[in-house]
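Using the hints, position chain F against chain D.
There are 2 protein chains.
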Amino acid sequence: MVDILHRIGVKAPLAEVYSALTTAEGLAAWWTDDTTGEGGATGGVLQFRFEEGGFDMKVLDLAPNEHVLWEVIDGPEEWIGTHIDWRLERADEYTIVLFQHQGWRQPVEFMYHCSTKWAAFLLSLKSLLETGQGAPNPNDVRLGNWK
Amino acid sequence: MVDILHRIGVKAPLAEVYSALTTAEGLAAWWTDDTTGEGGATGGVLQFRFEEGGFDMKVLDLAPNEHVLWEVIDGPEEWIGTHIDWRLERADEYTIVLFQHQGWRQPVEFMYHCSTKWAAFLLSLKSLLETGQGAPNPNDVRLGNWK
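Line order of the protein sequences matches chains D and F.
All residue numbers for the first sequence refer to the numbering used here, where the first residue is 1 and numbers rise by one.
All residue numbers for the second sequence refer to the numbering used here, where the first residue is 148 and numbers rise by one.
Where hints are given, some of them may not hold.
Here are the in silico distance ranges between beta carbons for each label pair [what the hints assert, rightly or not]: (1) F:278 / D:138: 16 to 26 angstroms; (2) F:279 / D:42: 48 to 58 angstroms; (3) F:250 / D:23: 32 to 42 angstroms.
From the derived model, a few chain D residues whose C-beta atoms are all more than 12 angstroms from chain F [claimed, not checked]: (4) 69; (5) 71; (6) 79.
Simulated crosslink set (EDC-like; lysine to aspartate or glutamate; CA at most 16 angstroms straight-line) [as the list claims (entries may be wrong)]: (7) D:147 / D:51; (8) F:158 / F:240; (9) D:58 / D:71; (10) F:294 / D:92; (11) D:147 / F:239; (12) F:158 / F:232; (13) D:58 / D:38; (14) D:147 / D:52; (15) F:294 / D:38; (16) D:11 / D:93; (17) D:58 / D:85; (18) D:147 / F:240.
Think of the hints as simulated: they come from the structure by calculation, not from any bench.
Don't be surprised by glycine CBs; every beta carbon is placed ideally from N, CA and C.
One chain only, chain D, in its complex shape:
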């Protein structure tokens, strides 16, 4: 099993970052415009849609302003059963986001792509909370022949 790891510091309060990870409105502003569902309660399901498909995530764990854990229950075969883990903490004037996309079965080329893409979306999250403007799909950074 292999994991994608990222860390980013956001100059915003813990509660604002947590809200951007647990509400459809917040998620839509940095990941994909087409986000629906319930991210604020354990057992809730979030639907993320892109032109080329999407993901459904089940909320497995929540600790307000500290932790969010999702399981991928629908989407690309390589993603199903993997976990997306978000830990939040304060350091200096930043909310630090420690991100893991855990449990890839193999380090396939699609995993390389998703690693870079997650970084671009974390920069979108940072931008949203620091400037009011994220870069969610469909206006996200395109990485080449794979979107």
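Okay, now just chain F, sitting in the frame of chain D:
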């Protein structure tokens, strides 16, 4: 051992991407302004310097327009002995860059940071080759309380 993986597609010829990875001038234009040394011959050493320190890389393997492999021989303790592996291939109108920073001993928080930072620098490499303008240190994207 754990690895950082990334993939990016650059709308530029293989030879231009290879040059940006194997010449001090090319590396300086997307990673750090302060790059010196010899990246175009096996056994050569490249010195990358940032305000907060830097890295020395020994070139272990080169296959023109296909592969570049470095070993970190000086720098942060967590980096020493790790390998940076670049594979290039064509897909559609893109040169695909498959990047690995291999052999981290532990998934420490610094590794999370470096993963996101590598993605930002790969976007800088892409921008350099597609627009003529990269974002090397000291004008790179800052990720928070860790640069």
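How the hints compare with the structure:
no.	hint	verdict
1	F:278 / D:138: 16 to 26 angstroms	holds (21 angstroms)
2	F:279 / D:42: 48 to 58 angstroms	holds (50 angstroms)
3	F:250 / D:23: 32 to 42 angstroms	holds (39 angstroms)
4	69	holds (16 angstroms)
5	71	holds (20 angstroms)
6	79	holds (15 angstroms)
7	D:147 / D:51	holds (10 angstroms)
8	F:158 / F:240	holds (6 angstroms)
9	D:58 / D:71	holds (5 angstroms)
10	F:294 / D:92	holds (13 angstroms)
11	D:147 / F:239	holds (13 angstroms)
12	F:158 / F:232	violated (20 angstroms)
13	D:58 / D:38	holds (9 angstroms)
14	D:147 / D:52	holds (9 angstroms)
15	F:294 / D:38	violated (35 angstroms)
16	D:11 / D:93	holds (6 angstroms)
17	D:58 / D:85	holds (12 angstroms)
18	D:147 / F:240	holds (14 angstroms)
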